[in-house]
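S.K.: Just so you know, the protein sequences line up as chains V and C, in that order.
Residue 274 in UniProt numbering sits at position 274 of the first sequence, with consecutive numbering throughout.
Residue 149 in UniProt numbering sits at position 149 of the second sequence, with consecutive numbering throughout.
Rather than coming from a laboratory, the hints here were simulated on the basis of the structure.
Certain hints may be false.
Only some residues are given here: those of chain C computed to face chain V with a beta carbon under 10 Å [as the list claims (entries may be wrong)]: (1) 9; (2) 35; (3) 104; (4) 105; (5) 106; (6) 117; (7) 138; (8) 258; (9) 310; (10) 315; (11) 316.
Values in this document were obtained by computation on a predicted structure and should not be read as measured data.
Glycine included, C-beta positions come from ideal geometry on N, C-alpha and C.
Now for the letters of each chain:
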Amino acid sequence: MDPISQFMVDHKIPIGAWGKAFFGFLTDNFDTIFRAFSNGLNFLLDGLVNILLMVPPVLLALVIAAIAWLLQRSRPLAIGVFLGLIFIINQNLWKQTVQTLVLVVAAAAMAMAIGVPLGIWAAHKPKVYRVMLPVLDLMQTLPTFVYLIPVLTLFGLGNAPGLIVTIIFVIPTAVRLTHLGVVSVPKSIIEAGEAFGATKSQLLWKVELPSALPTIMAGLTQSIMLSLSMVVFAALIGAGGLGTEINRALGSRRIDLGLEAGLAIVVLAIVLDRMTRIGVGGKK
Amino acid sequence: MTVAVDFRNVDIVFGADQAGSLAMIDAGATRAEILEKTGNVLGCAGASLTVNEGEISVLMGLSGSGKSTLLRAVNRLNVVSRGQVLVKDGDKIVDVVTCDQATLRRLRQKQVAMVFQQFGLLPWRTVEENVGLGLELAGVPEAERKERVHRQLKLVNLDQWSKKYAHELSGGMQQRVGLARAFATEAPILLMDEPFSALDPLIRTKLQDELLQLQAELKKTIIFVSHDLEEALKIGSHITIMEGGRIVQTGAPEDIVLRPANDYVRDFIANVNPLSVLTAWNVMRDRRDLEQGKDGWVWLDRRKTTRFKIDDHGLVAAAERDGKPAVWVSCADVESQPEEVAQVFWANPGTSLKTVMLAMHRSQTAPVALFDDQSRFVGAIGIRDVLSAVLRR
């Protein structure tokens, strides 16, 4: 090695060590808090899964199809949803699918609950957005495996760390699309609201959010899809569901098992995507 | 007459260096100079204008002349850098520049409504929900809101369309929704920012007529921004011409046409048809300037073809045309008169010049007399008066 490189390597900035020390500090001092949080979350998620599994599968499939009809008022869609779910039952993957469904819906809901307010805030305060932007980039580009490790050490194995990892991965999308939606509200209609004496909150609820709704709903659909794409990673740290099946298929080179679980994920993705396309297309 | 809106030395500057720009305004700098030195954009400078209740005051100018900027100061969509914008608020006068947020909101909800060039309708709301926006924001209860919205939609002939979405309507109809939305708040002051510019000419003329009709009933105070002088002359009771952020001339439409203040205004009116503005009053020669004959006879024209005998009350007692007795009839009846009878037409001060010219045409260029409301003789218009007014010589 040339001397300059050697010199630089000798004076390596100990980023890894700092990170390790930071997480070591967290686990040493707040371990009980993190574990309690993790246990609580696990209890909630497992409880929800168990309740849903008590319902006969075909009946639950019917209920989901009915929800699809309520959301979109489309009979072909409801029938398609029902047939898709029947296919999953037929493949004997129902239990895993319900686990994945709960994880995905919970993650997307949490990501929207955190991401939408952040997106609105960023849209109103350009300075906030400038600070937020690099953080969002980091969250989206840092390889998932890298933050699987600290999450694992803090929260242990199970559904809860899977949920947290998924939320971290999905929030940037919710924030970005909400920001985009609110920023692109036409100036003319904001001024119309102001000219007729809207307060700040009236402007938000009656002008900005309705105008941004299609974009925000696109954010929800994207959040659900991204959450689904994370189930295989989440399975690595103990989240149950279809991801576990795929990991097992990979480990034992079972093409058949991998294909079945993979198709179940695709069906679930299509069902959730079509069900949540509210305000996109259709009536304006 | 009560003042509804009063602009007092209003300066509006967009940008960070307000103090520096204001100093340059005081030194009389132009917009280009201010932009170069401070990087700020001059919106308008030293604008003073009084708008009385019930009048339609038109702000005119080329694009970038500051007319919209000044208009939007009335409801503080643009923030005034210096000066006062006094707006009548019931029995009080409020300075919009300095009032607090609550007062401003109340003004916007109850006193000042606005109509936009691009309509500014909310696309996810139906027509009736759009019209009810102002009332909804002001917290008017739903039952009352429905009733008022319905009334406004009837007024603009859109009650059949109340459940449609804005994008299902034509441009002209969308702007009628915009008008109904503004009327629904029952605000006495109406700001109209080039409301008809985005419409095609036929629809534009139609909406102008509708606005004038509605105004005859509703008697709002309207500040109207336009870049179209024909439009301004048609609907304005006062016209203010702006250039580069400064007011160049304010006056009645015929003042602007007959006495333009400078070359900018002259260029503006160069293509205007004077017949659409001028009235008999603007071109007549006063009774005292006419040539008097004996026994109360007065010559109406310089060529001495026509004369009236005026009695002690100022009424016409007899008329003569080319030495023969003649009848005198109103210009309003010009279409129905047989041409054989020797006749002299008379007009009121408000009669349009066009009608006067038609009367001259029908009577072989005889002069037209002017009577006031009590039928008293006040003056006359000869062919030369008409020609010089039309040619602006």
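S.K.: State for each hint whether it applies.
M.R.: We went through each hint and held it up to the structure:
1. 9: violated (24 Å)
2. 35: Cβ of residue 35/C sits 22 Å from chain V, so the hint is violated.
3. 104: holds (8 Å)
4. 105: holds (5 Å)
5. 106: With a minimum Cβ separation of about 7 Å from chain V (threshold 10 Å), the hint on residue 106/C holds.
6. 117: Constraint on residue 117/C satisfied, holds at 8 Å.
7. 138: The hint holds - residue 138/C has a Cβ within 10 Å of chain V, the shortest such distance being about 6 Å.
8. 258: This hint is violated: residue 258/C lies away from chain V, its Cβ roughly 36 Å from the closest one there, beyond 10 Å.
9. 310: With a closest approach of 56 Å, the residue 310/C hint is violated.
10. 315: Result: violated, 54 Å to nearest chain V Cβ.
11. 316: Hint violated; residue 316/C Cβ to chain V Cβ min 55 Å, cut 10 Å.
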